[in-house]
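Please take these sequences and the hints and turn them into a complete structure.
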Amino acid sequence: MKNRPSIWRIALTTLLIAAGVVIIGYSSRVTKIDFVRLFKDAPKAKSLISAILSPDLVTRDLQTTTIEIAFPIPCGSAPNATPITSGPHLTTSVPCASVKDTFTLEGFSLSPNAQIAIRWQIPTIGSLTLPYANTDANGHFTMQLDAKQIAASTNNTASFIQVDTRIPVGNMKPSQAVNDVLQAMFVTIFMALLSTSIATIIAVPLSFLAASNITRHGPVGTTVYYLTRSFFNLIRSYDPLVMATVFAFWLGFGPFPGTLALMVVTTASLGKMFSEAVENIDPGPIEALQATGANRLQTIVFSVIPQIVPDFVSYTIYHWDINIRISTIIGFVGGGGIGYYLSTQINSMIGYHKAGTAIWAIVAVVWAMDFLSAEVRKRLA
Amino acid sequence: MLRVENLTKIYPGGTQALKNVSFEVKDGEFLVIIGLSGSGKSTLLRCINRLIEPTEGKITWDERDITAASPKELLKIRRNIGMVFQQFNLVKRSSVMTNVLSGRLGYANPWLSVLGIWLSADRERAIKALERVGIGDKASSRADALSGGQQQRVGIARALMQEPRIVLADEPVASLDPVLSHSILQYLEQLNKDGITVLCSLHFLDLVHRYATRVIALKDGVLVFEGLPQEINRAKFKEIYGEEAQEVRATSFEAPA
Ligand SMILES: Nc1ncnc2c1ncn2[C@@H]1O[C@H](COP(=O)(O)OP(=O)(O)OP(=O)(O)O)[C@@H](O)[C@H]1O
Ligand SMILES: [Mg+2]
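Quick note, the sequences are listed as chains A and B, same order. Our numbering applies: residue 456 is where the first sequence begins, and numbers increase by one. Our numbering applies: residue 106 is where the second sequence begins, and numbers increase by one.
Because the hints were derived from the structure by calculation, they are not lab data. These numbers come from a predicted model, not from an experiment. There's no promise every hint is true.
Unchecked claim - Residues from chain B that face chain A, not an exhaustive set, calculated with beta carbons under 10 Å: (1) 182; (2) 185; (3) 203; (4) 212; (5) 222; (6) 245; (7) 270.
Backbone N, C-alpha and C fix where the C-beta goes; we use that ideal spot for every residue, glycine too.
Next comes the structure, spelled out in structure tokens:
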């Protein structure tokens, strides 16, 4: 009897397992878990991933050369073009055409593999842009064109077909995306730097109020100690993103509410960490300096400060590091900086290569900050 | 002459650490304080420079009333009372030089000193103090890079910067091994020979016999013995340390060789 599990135990276990299965099943339904799609839809991510892997980094100045050919519509409305046969030139299958006719435009000896812009240059009206085309390896292209009413000759002057070739000239230089990303990155880094440094300035004095060995003496001190500590704990329980949303209610989105939110949360977080550092100092040196006849300020400067400075500096750098990541995310929901740039480029559908630039910049900065903060903390230990 | 009269200390928790303690210390004495752990030795030494405020009683030094001194006067008085600690109480991350110089804070310009600006005379004094305790070459080391014995010598050098007339030493060798104990106590003995009064709490009877010129003993905050070191024999020791403690203490409290 003793060794056999009771029927109730078996029933209970079965029930628990069943309940577990139901809970997991239900939660995967509400969160729309679908691992098949993860693989089935993988091609959709291809363009984004390949864009990320080929970020928009460099560019070259483009030189535009324009060639043209006159094309009277209808025939006889203006003189036909004199044919050119050497150098970059255009030819048409017929020298002129009536309205609604179709003809072929060909280009020769243009720069190879280049994108070209084609347009009608119509007298007194202006230009009418046609679709882009590309030249082949020999600098040749062909294109079907319609002889439209709008391109008809006026006052014995024919419309021209113009072709622009853009060829890169000069040295490679950082692309516009790189400039924009750098600028946005500066905003993010300084958002984090500003919020962290202001938070540090506020947290240092507050941390002494929240340190039991300094403040928790007498009824007033004890009250101040508990108030400061509760304030820290209350604020710390809010996520910076939630806090940023709260600030955005009356400040609108942008870098300011984000910085403010980071600052408030960092103040509480640093305040707590600093106060623990103050609580952990060795009281021996304080006693020793009091015994020498040093005054209060001298005692603090010579015995308290040297003990807390390394911790304070390393916590501050650590928070700067964290805050760069957080401000990237705050930026993503409208707070400016690199996060905002990234979200704009991803939403624009055509900015994937620029998004790639931003992602690599974030990776580089986060890695660099990680390294820097680890290095500084190692030195201070 | 340091005179302690009816000194009583009751801690906020209600512990009565000193009960009506009275004794005198003449200039130039090496007074050793003995007693069980918790008997009130540290409390007594800290009442003398008022790191701990006495509850009752009076401490006078050459007609100056230490217990009645204003905060400002107290700083002046403390300047001339050096203190050496069992745990050395150095600022571990600071250099040996900074630790020694900090013994001079009571004399230095308050504003310049907090900026780390020192008179060159003070720096020279610090080097001399370090040389006097045999570690002149360690000035630029970090304090925690030194061995225990060396750290205690820095502690003594820091006290020397105060140009003290009294040195209070609270179990200065309790964290050190016996060989180092002698070397540290010899420095204190040397100071004593140079005219500085020393009040020192100790745990080992052989050290008491070797260095003390006079001994007082505390038991549960009460002064139970005052006399010459030779007067402390096993019987006295039993009286001071109690019957039960004898077995535990007998090994460390060997009769002098
Ligand atoms: N800050 C304090 N608050 C409350 N009680 C204290 C405090 N410091 C010491 N005491 C108590 O006062 C009594 C005397 O302590 P004291 O440290 O003076 O003894 P001691 O002789 O130096 O002991 P030890 O040899 O362990 O250093 C002890 O009972 C101790 O628990
Ligand atoms: Mg003690």
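A quick look at each hint next to the structure:
1. 182: holds (8 Å)
2. 185: holds (8 Å)
3. 203: At about 8 Å, which falls below the 10 Å cut-off, the nearest Cβ of chain A leaves the hint on residue 203 of chain B intact, so it holds.
4. 212: holds (8 Å)
5. 222: violated (12 Å)
6. 245: With a minimum Cβ separation of about 16 Å from chain A (threshold 10 Å), the hint on residue 245 of chain B is violated.
7. 270: At about 13 Å, which exceeds the 10 Å cut-off, the nearest Cβ of chain A leaves the hint on residue 270 of chain B violated.
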